[in-house]
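Engineer: Residue numbers (UniProt numbering), protein chains in the order written: chain A, 1 to 277; chain B, 1 to 277; chain C, 1 to 277; chain D, 1 to 277.
Keep in mind the hints are simulated off the structure, nothing from the lab. Treat the hints with care, as some may be off.
Said to hold, decoys possible - Result set (SDA-like, lysine to any residue): computed pairs, CA atoms no more than 25 Å apart in a straight line: (1) D:Lys26 / C:Asp63; (2) B:Lys81 / B:His270; (3) A:Lys26 / B:His118; (4) A:Lys14 / A:Leu51; (5) C:Lys4 / C:Glu260; (6) C:Lys127 / B:Val102; (7) C:Lys90 / B:Lys245; (8) D:Lys127 / A:Leu51; (9) B:Lys241 / C:Arg266; (10) C:Lys4 / D:Pro40; (11) C:Lys127 / B:Ala112; (12) D:Lys245 / D:Asn233; (13) C:Lys127 / C:Ala113; (14) B:Lys26 / A:Pro191; (15) C:Lys127 / B:Glu129; (16) D:Lys82 / D:Gln152; (17) A:Lys273 / A:Tyr156; (18) A:Lys257 / A:Thr35; (19) C:Lys14 / C:Ala67; (20) A:Lys257 / D:Val102; (21) A:Lys257 / D:Lys257; (22) B:Lys245 / C:Val102; (23) B:Lys273 / D:Gln152; (24) A:Lys4 / A:Tyr46; (25) C:Lys82 / B:Met243.
Single-letter residue listing:
There are 4 protein chains.
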Amino acid sequence: MEQKTLLIECPDSKGLIAQITNICYKHQLNITRNTEYVDPDSGRFYMRTQLEGIFNDHTLLLDLDRALPRGSERQLVGTAKKRVVILVTKEAHCLGDILMKVFDGSLELDIAAVIGNHPNLQALTEKFELPYHFIDHQGVSRVEHEQLILTQVAQYQPDYLVLAKFMRVLSPDFVARYPQRIINIHHSFLPAFIGAHPYRQAFNRGVKIIGATAHFVTDSLDEGPIIKQMVSNVDHTYSAKDMAKAGRDVEKNVLTKALELVVEDRVFVHGNKTVIL
Amino acid sequence: MEQKTLLIECPDSKGLIAQITNICYKHQLNITRNTEYVDPDSGRFYMRTQLEGIFNDHTLLLDLDRALPRGSERQLVGTAKKRVVILVTKEAHCLGDILMKVFDGSLELDIAAVIGNHPNLQALTEKFELPYHFIDHQGVSRVEHEQLILTQVAQYQPDYLVLAKFMRVLSPDFVARYPQRIINIHHSFLPAFIGAHPYRQAFNRGVKIIGATAHFVTDSLDEGPIIKQMVSNVDHTYSAKDMAKAGRDVEKNVLTKALELVVEDRVFVHGNKTVIL
Amino acid sequence: MEQKTLLIECPDSKGLIAQITNICYKHQLNITRNTEYVDPDSGRFYMRTQLEGIFNDHTLLLDLDRALPRGSERQLVGTAKKRVVILVTKEAHCLGDILMKVFDGSLELDIAAVIGNHPNLQALTEKFELPYHFIDHQGVSRVEHEQLILTQVAQYQPDYLVLAKFMRVLSPDFVARYPQRIINIHHSFLPAFIGAHPYRQAFNRGVKIIGATAHFVTDSLDEGPIIKQMVSNVDHTYSAKDMAKAGRDVEKNVLTKALELVVEDRVFVHGNKTVIL
Amino acid sequence: MEQKTLLIECPDSKGLIAQITNICYKHQLNITRNTEYVDPDSGRFYMRTQLEGIFNDHTLLLDLDRALPRGSERQLVGTAKKRVVILVTKEAHCLGDILMKVFDGSLELDIAAVIGNHPNLQALTEKFELPYHFIDHQGVSRVEHEQLILTQVAQYQPDYLVLAKFMRVLSPDFVARYPQRIINIHHSFLPAFIGAHPYRQAFNRGVKIIGATAHFVTDSLDEGPIIKQMVSNVDHTYSAKDMAKAGRDVEKNVLTKALELVVEDRVFVHGNKTVIL
Numbered sequence: 001m002e003q004k005t006l007l008i009e010c011p012d013s014k015g016l017i018a019q020i021t022n023i024c025y026k027h028q029l030n031i032t033r034n035t036e037y038v039d040p041d042s043g044r045f046y047m048r049t050q051l052e053g054i055f056n057d058h059t060l061l062l063d064l065d066r067a068l069p070r071g072s073e074r075q076l077v078g079t080a081k082k083r084v085v086i087l088v089t090k091e092a093h094c095l096g097d098i099l100m101k102v103f104d105g106s107l108e109l110d111i112a113a114v115i116g117n118h119p120n121l122q123a124l125t126e127k128f129e130l131p132y133h134f135i136d137h138q139g140v141s142r143v144e145h146e147q148l149i150l151t152q153v154a155q156y157q158p159d160y161l162v163l164a165k166f167m168r169v170l171s172p173d174f175v176a177r178y179p180q181r182i183i184n185i186h187h188s189f190l191p192a193f194i195g196a197h198p199y200r201q202a203f204n205r206g207v208k209i210i211g212a213t214a215h216f217v218t219d220s221l222d223e224g225p226i227i228k229q230m231v232s233n234v235d236h237t238y239s240a241k242d243m244a245k246a247g248r249d250v251e252k253n254v255l256t257k258a259l260e261l262v263v264e265d266r267v268f269v270h271g272n273k274t275v276i277l
Numbered sequence: 001m002e003q004k005t006l007l008i009e010c011p012d013s014k015g016l017i018a019q020i021t022n023i024c025y026k027h028q029l030n031i032t033r034n035t036e037y038v039d040p041d042s043g044r045f046y047m048r049t050q051l052e053g054i055f056n057d058h059t060l061l062l063d064l065d066r067a068l069p070r071g072s073e074r075q076l077v078g079t080a081k082k083r084v085v086i087l088v089t090k091e092a093h094c095l096g097d098i099l100m101k102v103f104d105g106s107l108e109l110d111i112a113a114v115i116g117n118h119p120n121l122q123a124l125t126e127k128f129e130l131p132y133h134f135i136d137h138q139g140v141s142r143v144e145h146e147q148l149i150l151t152q153v154a155q156y157q158p159d160y161l162v163l164a165k166f167m168r169v170l171s172p173d174f175v176a177r178y179p180q181r182i183i184n185i186h187h188s189f190l191p192a193f194i195g196a197h198p199y200r201q202a203f204n205r206g207v208k209i210i211g212a213t214a215h216f217v218t219d220s221l222d223e224g225p226i227i228k229q230m231v232s233n234v235d236h237t238y239s240a241k242d243m244a245k246a247g248r249d250v251e252k253n254v255l256t257k258a259l260e261l262v263v264e265d266r267v268f269v270h271g272n273k274t275v276i277l
Numbered sequence: 001m002e003q004k005t006l007l008i009e010c011p012d013s014k015g016l017i018a019q020i021t022n023i024c025y026k027h028q029l030n031i032t033r034n035t036e037y038v039d040p041d042s043g044r045f046y047m048r049t050q051l052e053g054i055f056n057d058h059t060l061l062l063d064l065d066r067a068l069p070r071g072s073e074r075q076l077v078g079t080a081k082k083r084v085v086i087l088v089t090k091e092a093h094c095l096g097d098i099l100m101k102v103f104d105g106s107l108e109l110d111i112a113a114v115i116g117n118h119p120n121l122q123a124l125t126e127k128f129e130l131p132y133h134f135i136d137h138q139g140v141s142r143v144e145h146e147q148l149i150l151t152q153v154a155q156y157q158p159d160y161l162v163l164a165k166f167m168r169v170l171s172p173d174f175v176a177r178y179p180q181r182i183i184n185i186h187h188s189f190l191p192a193f194i195g196a197h198p199y200r201q202a203f204n205r206g207v208k209i210i211g212a213t214a215h216f217v218t219d220s221l222d223e224g225p226i227i228k229q230m231v232s233n234v235d236h237t238y239s240a241k242d243m244a245k246a247g248r249d250v251e252k253n254v255l256t257k258a259l260e261l262v263v264e265d266r267v268f269v270h271g272n273k274t275v276i277l
Numbered sequence: 001m002e003q004k005t006l007l008i009e010c011p012d013s014k015g016l017i018a019q020i021t022n023i024c025y026k027h028q029l030n031i032t033r034n035t036e037y038v039d040p041d042s043g044r045f046y047m048r049t050q051l052e053g054i055f056n057d058h059t060l061l062l063d064l065d066r067a068l069p070r071g072s073e074r075q076l077v078g079t080a081k082k083r084v085v086i087l088v089t090k091e092a093h094c095l096g097d098i099l100m101k102v103f104d105g106s107l108e109l110d111i112a113a114v115i116g117n118h119p120n121l122q123a124l125t126e127k128f129e130l131p132y133h134f135i136d137h138q139g140v141s142r143v144e145h146e147q148l149i150l151t152q153v154a155q156y157q158p159d160y161l162v163l164a165k166f167m168r169v170l171s172p173d174f175v176a177r178y179p180q181r182i183i184n185i186h187h188s189f190l191p192a193f194i195g196a197h198p199y200r201q202a203f204n205r206g207v208k209i210i211g212a213t214a215h216f217v218t219d220s221l222d223e224g225p226i227i228k229q230m231v232s233n234v235d236h237t238y239s240a241k242d243m244a245k246a247g248r249d250v251e252k253n254v255l256t257k258a259l260e261l262v263v264e265d266r267v268f269v270h271g272n273k274t275v276i277l
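Using the sequences and the hints given, assemble the complete structure.
Structural biologist: In structure tokens, the structure reads:
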């Protein structure tokens with residue numbers, strides 16, 4: 001008995017669930033968990049179905065393609081671990097939490113490599129027997145730097161890139177190479193405090209709650225589809241530095257939680273939003 | 001176009017979703033929201049389906065009865081407001097929040113009457129032009145008191161009884177008259193601090209978080225299926241009285257949230273637990 | 001034995017706490033709770049001291065004035081309830097929660113009157129035997145409208161104005177009349193979604209958490225010192241309307257919590273921030 | 001300029017703060033942060049004062065001893081890191097988070113060694129160049145096992161022992177050796193689900209929130225003074241195993257947060273409670 005997850009996104013129409021579940025039934029597949037969502041504004045239908053049984057992927061997808069309306073996307077996903085390359089700069093906490101959760105089995109990821117524009121996190125990465133590539137951004141143009149990263153990334157053929165406090169803005173060309181496949185942690189409760197130094201901004205504004213946001217990267221800075229947000233209470237005794245320190249726990253927790261959702265194939269991108277089934 | 005919600009609970013079997021959604025499709029009903037759950041331990045299947053269209057309730061249910069396995073329960077629920085009778089003692093905050101939310105349209109409930117074993121909340125109830133029955137527990141036996149309440153309740157034929165800080169324990173005989181239809185708010189994070197004076201208990205234990213629990217009432221004190229829980233941070237500066245005061249907000253918020261879930265037909269009782277779809 | 005609270009704000013200097021607490025001791029006053037804070041950036045010192053004893057306000061303040069550095073502000077506050085006028089538009093939930101909490105004794109406020117630019121909340125206000133002034137903004141200029149409100153407010157001589165979902169922006173002239181004495185609830189997690197329709201903005205951005213902010217009103221829209229913020233989780237199934245509904249609980253809870261802090265004389269304004277002792 | 005923290009616990013009496021702060025002033029010490037608390041039930045006074053200046057510890061403490069009432073405890077703490085020995089069993093997440101936070105500088109601790117009753121976490125510990133002592137509990141009596149641990153611990157002379165998911169109950173004799181110096185993480189929201197398998201208990205009870213509790217260890221199982229509690233929402237789809245997985249994040253966050261409070265000398269033990277200044 002195998003387990004696979006069927007992911008469908010298509011224009012909504014009457015009888016869709018019946019058609020899809022009939023096909024699964026015809027294939028003798030048991031549905032162990034099923035979630036659907038219809039977006040009332042766009043009329044898009046989203047469905048995530050965990051199936052159990054003996055799979056004939058080819059005929060199952062063929063049957064689905066016959067039944068589904070034009071403009072449908074469907075995918076049958078097995079249980080292989082997602083492969084990621086992690087990009088970092090100097091801060092250890094997000095990388096550290098991912099490494100630790102993969103190590104202790106909480107997060108089912110295959111970390112192919114870590115790439116840093118500083119050498120700081122090499123030692124940490126190598127503690128976990130993973131390759132670390134230090135690709136300096138100094139002395140090269142922005143375009144060249146990104147090209148060096150892309151070349152290094154390409155050899156690993158990752159499913160996702162994870163920006164674990166990678167403190168450089170990626171160009172639209174870079175982003176276009178991995179659409180909806182780059183996950184970033186922004187250290188604010190977006191859309192508050194877009195851009196640089198969010199904790200400094202938060203401190204100056206005198207907020208009573210700070211937050212962090214995991215999102216897919218798009219061309220527009222910090223405007224991509226949000227996967228997960230978390231917050232933490234602060235008060236007047238917190239300096240910008242204290243907020244940054246308190247924020248680290250939020251950042252790492254929200255990033256690994258977002259990765260968990262992605263790993264379980266629960267995140268659909270819908271325009272600049274996510275649907276999480 | 002009408003809107004109704006189909007609620008199904010039955011033993012799980014392969015093809016169930018296909019069968020049920022086929023029947024809906026055959027009846028030309030559109031599924032606007034659908035949620036299912038299979039409990040892996042008991043093998044029970046739960047489904048909540050929001051439907052839109054022209055309903056022929058009789059034939060729809062007949063078709064479902066033919067398709068569903070033995071031991072199934074199914075219900076087709078319209079949009080009529082649930083009718084409740086609220087039982088209270090002296091504290092105003094839970095009753096007050098329900099009254100206010102019904103008044104401002106946040107909570108779609110039909111409050112038939114309020115019954116109190118003290119006269120304290122009569123004035124508040126009558127501000128909202130609702131009948132208040134003061135049924136004193138003094139001078140009568142426990143059995144007689146409950147009988148007086150039951151008689152008063154019966155005339156209203158409520159869907160649910162809501163214990164909004166009703167500070168008396170109901171007898172098994174009383175509970176048996178409204179199985180899975182009595183909703184209580186307990187002022188602790190159950191199962192911590194069962195029974196009387198939970199804030200005093202919480203204070204004595206030196207907890208750093210207090211909570212409240214909305215649950216269905218069963219024979220066993222504070223052991224019924226939990227619908228919703230919420231918490232609030234406290235610290236060493238809180239006296240038992242301060243905790244009780246801070247707890248009031250949690251209590252009222254958790255009770256009205258639980259009522260919202262019940263009102264939307266989202267709560268299934270499964271042994272001593274709830275499944276919320 | 002009386003109880004009073006001493007509030008001090010002044011430039012920091014060595015020995016301040018010793019000097020102040022010596023004076024209290026000399027006056028035979030017992031300190032039951034004491035909190036201080038020195039803002040490291042501005043070097044401002046804040047102190048809130050709950051005192052118990054027989055007070056000679058005049059000599060106590062005289063002694064303090066001799067001891068405190070230039071530029072000090074000090075205040076000795078008794079236990080009289082703060083007097084407020086509440087401004088509203090159409091939405092009932094924030095007003096309702098304040099009325100209910102004052103009614104049940106959770107919030108020690110003296111509500112002098114409610115003023116609305118719509119008649120909608122008159123009935124609710126009058127249930128609690130409070131005066132409601134409907135001051136229509138139609139058919140008068142903005143300046144005239146504010147003047148009508150100010151005249152009405154003036155007769156009550158309130159300590160604070162509470163904007164309980166008052167959906168009009170107050171002019172700088174109006175605000176200047178009650179500096180640091182107008183408390184507003186903004187229905188977003190500021191500084192995200194400043195201005196109109198924050199839930200619509202939040203929906204469009206696809207956030208996973210919504211919030212509300214209670215703050216003092218200054219000239220700049222939604223830029224005043226933040227007193228309290230709270231949040232609530234949402235997901236892709238929430239429409240803008242659902243977010244607004246879920247937001248109502250956050251709004252009312254954060255507003256009454258902020259009022260509680262103000263009522264207990266715990267809020268100091270420090271530039272565009274608050275210090276809460 | 002040095003920085004030290006003065007910790008005082010004594011019977012409350014009028015003028016205490018004045019006396020203490022006068023002594024600090026006489027010693028030319030600047031108070032950068034000060035917090036006090038008087039427990040109204042016991043009449044105990046607690047004070048934590050951050051001081052800056054040139055310290056003469058001996059005469060400062062002498063002056064304080066003259067001024068403070070009988071039954072006082074006072075301590076002047078420098079900025080040296082606390083030294084801890086960590087006890088573990090098999091689960092990596094709490095140990096991992098401490099290691100990572102010490103590594104990245106978020107948690108200022110000196111980890112002297114890790115001791116495990118299983119060999120599982122040796123590799124992880126050694127990644128961070130720390131000694132790991134595997135002390136098997138099999139083949140020895142409970143008393144012998146504890147004696148072996150105590151001997152190993154003794155050579156490090158730690159300030160605190162941290163039980164980072166050490167799954168054995170310590171005997172009163174062991175606990176008596178490190179009173180108020182053993183910190184445990186219990187994987188439930190105490191006092192709910194005392195003892196073994198709290199997630200299984202939580203699952204069986206059908207709770208909607210799980211939690212974790214960091215506390216000092218006393219003779220009574222899971223009854224010691226609570227330092228910190230945190231919670232996380234769950235629902236009917238969580239198996240006991242899912243709850244345990246979700247709980248890991250809560251556990252590690254609450255334990256490192258509690259350690260942070262201890263490291264900053266903010267935790268006073270007061271009977272079976274804590275006062276956190």
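Engineer: Now look at each hint and say whether the structure bears it out.
Structural biologist: Hints, one by one, checked against the model:
1. D:Lys26 / C:Asp63: 21 Å, holds
2. B:Lys81 / B:His270: Answer holds: Lys81 of chain B to His270 of chain B is near 24 Å, not above 25 Å.
3. A:Lys26 / B:His118: 62 Å, violated
4. A:Lys14 / A:Leu51: 23 Å, holds
5. C:Lys4 / C:Glu260: This hinted pair holds, its Cα atoms lying about 17 Å apart.
6. C:Lys127 / B:Val102: 15 Å, holds
7. C:Lys90 / B:Lys245: Given pair Lys90 of chain C, Lys245 of chain B is violated - Cα atoms ~29 Å apart, limit 25 Å.
8. D:Lys127 / A:Leu51: Distance ~40 Å between Lys127 of chain D and Leu51 of chain A Cα, so the pair is violated.
9. B:Lys241 / C:Arg266: 19 Å, holds
10. C:Lys4 / D:Pro40: Judged against 25 Å, a Cα distance of about 17 Å means the pair holds.
11. C:Lys127 / B:Ala112: 19 Å, holds
12. D:Lys245 / D:Asn233: 12 Å, holds
13. C:Lys127 / C:Ala113: Given pair Lys127 of chain C, Ala113 of chain C holds - Cα atoms ~13 Å apart, limit 25 Å.
14. B:Lys26 / A:Pro191: 45 Å, violated
15. C:Lys127 / B:Glu129: Cα-Cα ~10 Å, so holds.
16. D:Lys82 / D:Gln152: Holds, because 18 Å separates the two Cα atoms, which is no more than 25 Å.
17. A:Lys273 / A:Tyr156: 28 Å, violated
18. A:Lys257 / A:Thr35: Status holds; Cα separation ~20 Å.
19. C:Lys14 / C:Ala67: 12 Å, holds
20. A:Lys257 / D:Val102: With a Cα-Cα distance of about 22 Å, the restraint between Lys257 of chain A and Val102 of chain D holds, given a limit of 25 Å.
21. A:Lys257 / D:Lys257: 19 Å, holds
22. B:Lys245 / C:Val102: 13 Å, holds
23. B:Lys273 / D:Gln152: Cα-Cα ~47 Å, so violated.
24. A:Lys4 / A:Tyr46: 17 Å, holds
25. C:Lys82 / B:Met243: Within the cut-off at roughly 23 Å; holds.
Comparing the model with each numbered hint stated earlier shows that hints 3, 7, 8, 14, 17, 23 do not hold.
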